[in-house]
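S.K.: Okay, here's what each chain looks like letter by letter:
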Amino acid sequence: MKALFGIAWRSAWNRRGTLALVALSIALATLLLLSLERMRSDVRQSFSQSVSGTDLIVGARTGAVPLMLYAVFRVGGATNNVRAASIDAIAKHPAVAWVVPISLGDSHHGYPVLGTTPEYFTRFLYGDRQPLALAKGRAFAGTLDGLFEAVLGAEVADALGYRLGQRITLTHGAGGVLAAEHADKPFSVVGILARTGTPVDRTVHVSLAAIEAIHLDWAGGAPMPGVHIAPEQARKFDLQPKQVTAAFVGLKSRVAVFRVQRFVADFEAEPLMAVLPGVALDELWDVVGIGERALLGMSALVALVSLAGLVAVVLAGLNERRRELAVLRAVGAGPRHVLLLLAAEGALVTFAGALLGAAAAVLAIALAGPWVQARFGITLQLSAPTASQWALFGAVLLAGMLASLVPGWRAYRLSLADGLSPRS
Amino acid sequence: MVSIRDLRFRWPRAAADCVAIESLDVAAGEAVFLYGPSGCGKSTLLGLLAGVLVPQAGRVSVLGQEWAQLSGARRDARRADHVGYIFQQFNLLPYLSVLDNVLLPCRFSAARAKRAPAGAAQALLARVGLAEALWARPAAELSVGQQQRVAAARALIGMPALVIADEPTSALDAALRDGFMDLLLGATRAAGSTLVFVSHDERLAARFDSRLSLPDINTAAA
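Residue numbers (the numbering used here), protein chains in the order written: chain Z, 1 to 424; chain S, 1 to 222.
So that you can see chain Z by itself, here it is in the shape it has in the complex (with noise of 0.2 Å):
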């Protein structure tokens, strides 16, 4: 049995050309599998990971998918807000430990502007509960002197170039050719936050006061005419924010959870709602996930095609070689050894090509990983391969040696119907 690996090997050797090609589909097509497998599974993860920590998030009374698309992804808009009255009045129940009310609605160059509070800045974690950083500067200071400042995302800082002390101005609504600019009261930047691979990044956060100090003389989506107050001036009004979009609310105890969103959801001066941002995430992903199922069979098909070429090239070799099998045959070797011989090549060109093919998934996501986190926020783990890693590499090898058995059969077929002298 030794003998006939060492001459498979030999042989395999003598023909490692058209092999060797056949051997680098199979890793291309491992390789795909391997890290697309990798991608879904990490992007799947920085998905659900986009808010952590909150335990509830409440807003007008509408869908959970809804809520947590302009909540969390800053996509669309609200229908309704939800007036400050209430979220004090949810703040006030004996289960609640913070809330965090955000404002949405203006943008800067497309991106969306999150009027909240100071809080935000700790009580916000992402992925494994992680806090944000600032990698500049300091978060806004919520005070009538630090009235006009605003803190960046990771994203619009790098895209629009923007360092400490930029003097930004806001853009009403979510932009557009028509959209009114707040020019006369322009932000200054103090802060910009570490890069999280979540929505934050594309995020302008400045305080809710200062959301209600650039409306003071707006009204129906419009500056007042012959009304202008200027920036000192707004300062003397009242900047309490009588409506918000949306809060994060956290608990106690976890265990509260559903005591607590059935008390929102039974509120009596207004219609809200609270989701679970877990439960609604995972609901989410079904929506946008159907892509990902896409892709895999893609890949899957990839495979196929590769091994299809492992049994096409095997076979297309096999008539040139019906002399080699028959010396076999002559020195003592069966049928069943050249079938053996057969599959044997298959297995170890598969096996040569799945390993190469997993290496260079490890070598790109080590290559790639920085990059692909810096420039789409998805950090690719180079951790232990995930069980569906493991599952589709042994899906790869299997079928490659059940696709070798194929030739294997033909040449097991042939020498017993050649002899010792093939026809050809």
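FYI, nobody ran anything at the bench for these hints, they're computed from the structure. For glycine and all other residues, C-beta sits at the position ideal for the given N, C-alpha and C. Errors might be hidden in some of the hints.
Claimed, not checked - So these bits of chain S aren't anywhere near chain Z, every CB distance computed over 10 Å:
id: 1; residue: 5
id: 2; residue: 28
id: 3; residue: 32
id: 4; residue: 142
id: 5; residue: 181
id: 6; residue: 189
id: 7; residue: 204
Unchecked claim - Covered stretches of chain S, going by a simulated chain Z footprint (3 or more residues, C-beta under 8 Å):
id: 8; segment: 45-51
id: 9; segment: 85-96
id: 10; segment: 106-117
On the provided structure of chain Z, position chain S as indicated by the hints.
M.R.: Just chain S, lined up with the frame of chain Z:
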């Protein structure tokens, strides 16, 4: 040594028998010349003698053991132990060295390996007149004449009881042919093996202990 009785063999899906031999006996140590033109069932008969093919009727036995009574795997093992085979051409695995080609039967048969002590392959190669410089070279680099000599050495390694040669000289020119015949017959005698030699070239017949005409004994070819 070799005994055939009432043999009938037909290829699958063939209309008529290919080989039908009433009786054939070869004594141990004998060198038999089996003459016959192309297409008279020579290669098929050799396949039957080597136990690669099994007849539909009759008996083919080598060393007193009937091939048909053994399972496929046992036939393969027994062939490896007792039979050396030389083809018309393309005898060698091109990717193995000359020496590894000669040692090939020893890899499939412990008995052959046991009967071939260290240095046996080298001795055989020297006996068939292959220069030592060629022994480590890949078989593909050898000329046809050299390849046939390596094939003879391989057939004889481990002293098999029966050596079967299927037109081994047909690819050689006259000068090479005579040299090869001398080597083959000498080495076979030295090993004490029985030789069944098939050829359509009657000029070679004189060198053998006995001569048989296949068309005469194969009633199926008539």
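S.K.: Does each hint hold? Answer for all of them.
M.R.: Results for each hint:
| no. | hint | in the structure |
| --- | --- | --- |
| 1 | 5 | 21 Å, holds |
| 2 | 28 | 21 Å, holds |
| 3 | 32 | 18 Å, holds |
| 4 | 142 | 15 Å, holds |
| 5 | 181 | 21 Å, holds |
| 6 | 189 | 22 Å, holds |
| 7 | 204 | 20 Å, holds |
| 8 | 45-51 | holds (count 3) |
| 9 | 85-96 | holds (count 9) |
| 10 | 106-117 | holds (count 3) |
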